[in-house]
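Participant: Going down the list, the protein sequences come from chains A and B.
According to our numbering, the first sequence holds residues 1 to 190 in order.
According to our numbering, the second sequence holds residues 1 to 139 in order.
Don't read these hints as lab results, they were simulated from the structure.
Where hints are given, some of them may not hold.
Said to hold, decoys possible - Here are the simulated DMTMM-like pairs of lysine to aspartate or glutamate, each with C-alpha atoms no more than 20 Å apart in a straight line:
id, chain 1, residue 1, chain 2, residue 2
1, A, Lys-130, A, Glu-140
2, A, Lys-146, A, Asp-158
3, A, Lys-130, A, Asp-158
4, A, Lys-130, B, Glu-95
5, A, Lys-160, A, Glu-186
6, A, Lys-174, B, Asp-14
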Amino acid sequence: MSMSLPALAARVDEGFTEISASDFDQIVQQHQRRIFRMLLLMVRNPEDADNLTQECFLRAYTSRERFRGACSVQTWLLRIAVNLARDHIRNRRAGFWKRLLRIEDESFAAVYEAPCELPSPERGLIAREKLDAVWRVVDELSARQKEVFLLRFVEEMDLKEIADVLNLRTGTVKAQLFRAIARVREQVQW
Amino acid sequence: MIPNHFSSNFGLPDNVRNSLRNDALRLGDRSNEFWARQQASIRARLRNAEPARRPRLRLALVAVAAAFCAALLLDTPSDRQPAPRSDVQVDPDQELLQTIERSLAAGTPRALAPVALAEDSSLGVNQISNPHKEYRDAN
């Protein structure tokens, strides 16, 4: 039986244990965009991001007994997603043939340089080239700095939430973010 | 050192922050069909994952139950030998001493005779070397 989102949220706060597959469907609908976006920016490949998003929800569902409501569902899902992305990137590094053939670089270009068809008022704030330059620097950051940077500026999470997702202390998050921003500022002038 | 203004604006100009955020939203934007297809895939994977977990659990339970039954059958009361009960508490040290005494009284077994000879000869050597030791210790 399906239930309203507030009722579902109340049950989620108590843990996923009693939540059926149909209830979980609503959690998927609520969070899939954010999880996919985060994974896409981390792994830079739409197909991989799609697979990892599915894997993320599968893991969340199969290990729902372990969710005790100590953090929000969003934080918990993002934590799973970040771990999946880390594993994926590590495995991808191991397969150097792909990089040798520059397949990954092409998909990277496809992700970051996709033409924007819809006019957006914010687009005028910073030139496309400059924005691409920022993304390139972000991509060269260490994995931890990149995660912190994306969670802060794409997902607009505060330091405490980021610390929860990454299992870090808030001070560490702040330091990583500071270094990441310093690096971006060094490389891109505005 | 992290500057004081850092916590308020994070060091990135607002226009850059807004542009990054909007760009990221645009990059992650997909059609409704994409999201529906992804939901369907997740649903299908959940369906596949659940039955795979249940038989494994069931199999484990059956195995545990079978092992328990087998243990019960092998350990039936009729097969059990009543353990000899002795009212006298035996001191293990005393028992060991008695065993040694019995062995010494019985004499050296034939098979160990050469060993016994070797022990005797080494005893003799020790007796010879002992005066040296005494001399060294005296110093």
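Participant: Please list, smallest to largest, the hint numbers that this structure does not respect.
Facilitator: Per hint list: 3, 4, 5 violated.
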